[in-house]
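Q: So the sequence lines, in the order shown, correspond to chains D and Z.
Quick note on numbering: the working numbering labels position 214 of the first sequence as 214, and the sequence is numbered without any gaps.
Quick note on numbering: the working numbering labels position 55 of the second sequence as 1055, and the sequence is numbered without any gaps.
What the hints contain is simulated information worked out from the structure, not anything from laboratory work.
No residue lacks a Cβ here, since even glycine has one placed at the ideal position from N, Cα and C.
Hints may contain errors.
To be verified - Simulated restraints, written as ranges between beta carbons of each label pair:
no. : chain 1 : residue 1 : chain 2 : residue 2 : range
1   : D       : N239      : Z       : P1004     : 11 to 21 Å
2   : Z       : N1043     : D       : E197      : 25 to 35 Å
3   : Z       : N1043     : D       : L190      : 23 to 33 Å
4   : Z       : I1066     : D       : L10       : 23 to 33 Å
5   : D       : V163      : Z       : N1062     : 16 to 26 Å
6   : Z       : S1031     : D       : G165      : 46 to 56 Å
7   : D       : K23       : Z       : G1040     : 43 to 53 Å
8   : Z       : P1004     : D       : D257      : 48 to 58 Å
9   : Z       : F1065     : D       : K23       : 22 to 32 Å
10  : Z       : N1043     : D       : Q146      : 55 to 65 Å
Claimed, not checked - Derived pair list, reagent style BS3-like, types lysine-lysine, alpha-carbon separation capped at 30 Å:
no. : chain 1 : residue 1 : chain 2 : residue 2
11  : D       : K35       : D       : K23
12  : Z       : K1047     : D       : K279
13  : D       : K141      : D       : K130
14  : Z       : K1030     : D       : K268
15  : Z       : K1023     : D       : K256
16  : D       : K233      : Z       : K1038
17  : D       : K233      : Z       : K1047
18  : D       : K237      : Z       : K1038
19  : D       : K268      : Z       : K1006
20  : D       : K191      : D       : K23
Said to hold, decoys possible - Partner residues are not named here, just some residues of chain D that face chain Z (Cβ under 10 Å, in silico):
no. : residue
21  : E20
22  : Y22
23  : K23
24  : I62
25  : E197
26  : T198
27  : F199
28  : F236
29  : N239
30  : D245
31  : L247
32  : K248
33  : K253
34  : Y288
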Amino acid sequence: MFVILTADDLYIARKLFQLEIYKRNGQSYEDFFSKIMRLHNIDFIQIKPQGQFGDRKNDGFIKSTGQYYQVYAPENLSHKEKDTIEKLVTDFNGLYAYWNATVTPILEFNFVLNDKYQGTYPSLHPELTKIEENHVGVKCKPFLSQHLEDIFLKLPHNNIEDVLGKIPTAEDINLNVSNLNEVIEYLISLKDGVSPETFPVNPDFEEKIVFNSLSSPAATFLRYGSYQDGALKDFFKVNSTFAKDDLKNTFSKLYKDAIQEIPDSDSKNDLIFFDIAKKAYPKQGKVYQDAVFVLMAYFFSYCDIFEEPPLKQQQTLFQ
Amino acid sequence: MILPSKHIRISESLIGLGAYLLKYLNDGPKSVDQLWFKVGKQNETKKAFSYHGFDNVVLALNYLFIIGAIDINSEGLIYNAVNKTISK
């Protein structure tokens, strides 16, 4: 089926993509990179490591254009300056020795780094230039998260959904109560510890959206989720009253974990929003996504996730 | 949840349900079946603040027994162990 994503859908896709980048290291990042490259160019060939020879310093290449890709995705690139440069030099030498003469001449060497949008060291660039000078005709450049994102967002929309799963849309959130039970059971199984109770003084939904600088797509999910509040309260009334407390603790923990895990940026709160949503699905599927957004709207309105705007106070005359 | 909390109203907590059960025992000792019948009736009325299933009734009775608020007489009926005047 042909899929058309709107601007909002693409925004959400971008945030979900960024979360994958933040989450993935090592082999997991390499698999993610290869999947996108294969969808981008059918000529991209992924190299499977083979016994004692490994991948011969080549994680993937495009034979017709002479473009080679070598991936490096440590958990925290910012503490690996020396290792990164060493890897660049050894991997390129290994690659050149095996592939240049036997397969196809190297015209472009892409050193793929999961920089988690932090950029790379200045000291890497002189090394890349040195390689270019020593191997005439070879272009050598870093290939960072931003470059993978550019390729990803230009993929046909069906492929974007292949990578990320179905992009949720707020407008057709519909609470399916039988699936809600499954979502709740899954969330309760995640629970960890008890979070302190904070009673919101100023529970204004719209004000909270503005105060937490949530973007329009994220805000729309919360608004549409909150429209199902009645059905959710009916569900709680007859089903698992006591589950509400466990759910509060679970959502609160997911929120706190996301604050720690996601680096600071302008869209940090949006990333937190989609991170909570993604971790709360028991499995892929629209019905589960909808149930999670309704629950998130409920706990958002009680300030169990995201921050409560401070109460406006009139200034005193003599302050 | 025995006590009310941010998301559990007093009528939804076991302490709240316990209060209802003690009220029903004001008429004299009753069996678990009779108490559940009363709660079931209450669930159906529009006046009910919260719905309570049979599981909750059993948990609330356990809790009332543990704190010494109820006991069982020689006929196997539950009675109010604090206010003895209505327990006979």
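Q: If a hint holds in the structure, say so; if it does not, say that too.
A: Consistency of the hints with the structure:
{"no.": "1", "hint": "D:N239 with Z:P1004: 11 to 21 Å", "verdict": "18 Å, holds"}
{"no.": "2", "hint": "Z:N1043 with D:E197: 25 to 35 Å", "verdict": "28 Å, holds"}
{"no.": "3", "hint": "Z:N1043 with D:L190: 23 to 33 Å", "verdict": "31 Å, holds"}
{"no.": "4", "hint": "Z:I1066 with D:L10: 23 to 33 Å", "verdict": "58 Å, violated"}
{"no.": "5", "hint": "D:V163 with Z:N1062: 16 to 26 Å", "verdict": "51 Å, violated"}
{"no.": "6", "hint": "Z:S1031 with D:G165: 46 to 56 Å", "verdict": "53 Å, holds"}
{"no.": "7", "hint": "D:K23 with Z:G1040: 43 to 53 Å", "verdict": "49 Å, holds"}
{"no.": "8", "hint": "Z:P1004 with D:D257: 48 to 58 Å", "verdict": "28 Å, violated"}
{"no.": "9", "hint": "Z:F1065 with D:K23: 22 to 32 Å", "verdict": "50 Å, violated"}
{"no.": "10", "hint": "Z:N1043 with D:Q146: 55 to 65 Å", "verdict": "58 Å, holds"}
{"no.": "11", "hint": "D:K35 with D:K23", "verdict": "16 Å, holds"}
{"no.": "12", "hint": "Z:K1047 with D:K279", "verdict": "39 Å, violated"}
{"no.": "13", "hint": "D:K141 with D:K130", "verdict": "11 Å, holds"}
{"no.": "14", "hint": "Z:K1030 with D:K268", "verdict": "58 Å, violated"}
{"no.": "15", "hint": "Z:K1023 with D:K256", "verdict": "43 Å, violated"}
{"no.": "16", "hint": "D:K233 with Z:K1038", "verdict": "24 Å, holds"}
{"no.": "17", "hint": "D:K233 with Z:K1047", "verdict": "17 Å, holds"}
{"no.": "18", "hint": "D:K237 with Z:K1038", "verdict": "18 Å, holds"}
{"no.": "19", "hint": "D:K268 with Z:K1006", "verdict": "27 Å, holds"}
{"no.": "20", "hint": "D:K191 with D:K23", "verdict": "21 Å, holds"}
{"no.": "21", "hint": "E20", "verdict": "32 Å, violated"}
{"no.": "22", "hint": "Y22", "verdict": "31 Å, violated"}
{"no.": "23", "hint": "K23", "verdict": "30 Å, violated"}
{"no.": "24", "hint": "I62", "verdict": "55 Å, violated"}
{"no.": "25", "hint": "E197", "verdict": "5 Å, holds"}
{"no.": "26", "hint": "T198", "verdict": "8 Å, holds"}
{"no.": "27", "hint": "F199", "verdict": "6 Å, holds"}
{"no.": "28", "hint": "F236", "verdict": "9 Å, holds"}
{"no.": "29", "hint": "N239", "verdict": "9 Å, holds"}
{"no.": "30", "hint": "D245", "verdict": "6 Å, holds"}
{"no.": "31", "hint": "L247", "verdict": "8 Å, holds"}
{"no.": "32", "hint": "K248", "verdict": "6 Å, holds"}
{"no.": "33", "hint": "K253", "verdict": "15 Å, violated"}
{"no.": "34", "hint": "Y288", "verdict": "22 Å, violated"}
Violated hints, in rising order: 4, 5, 8, 9, 12, 14, 15, 21, 22, 23, 24, 33, 34; the structure is consistent with all others.
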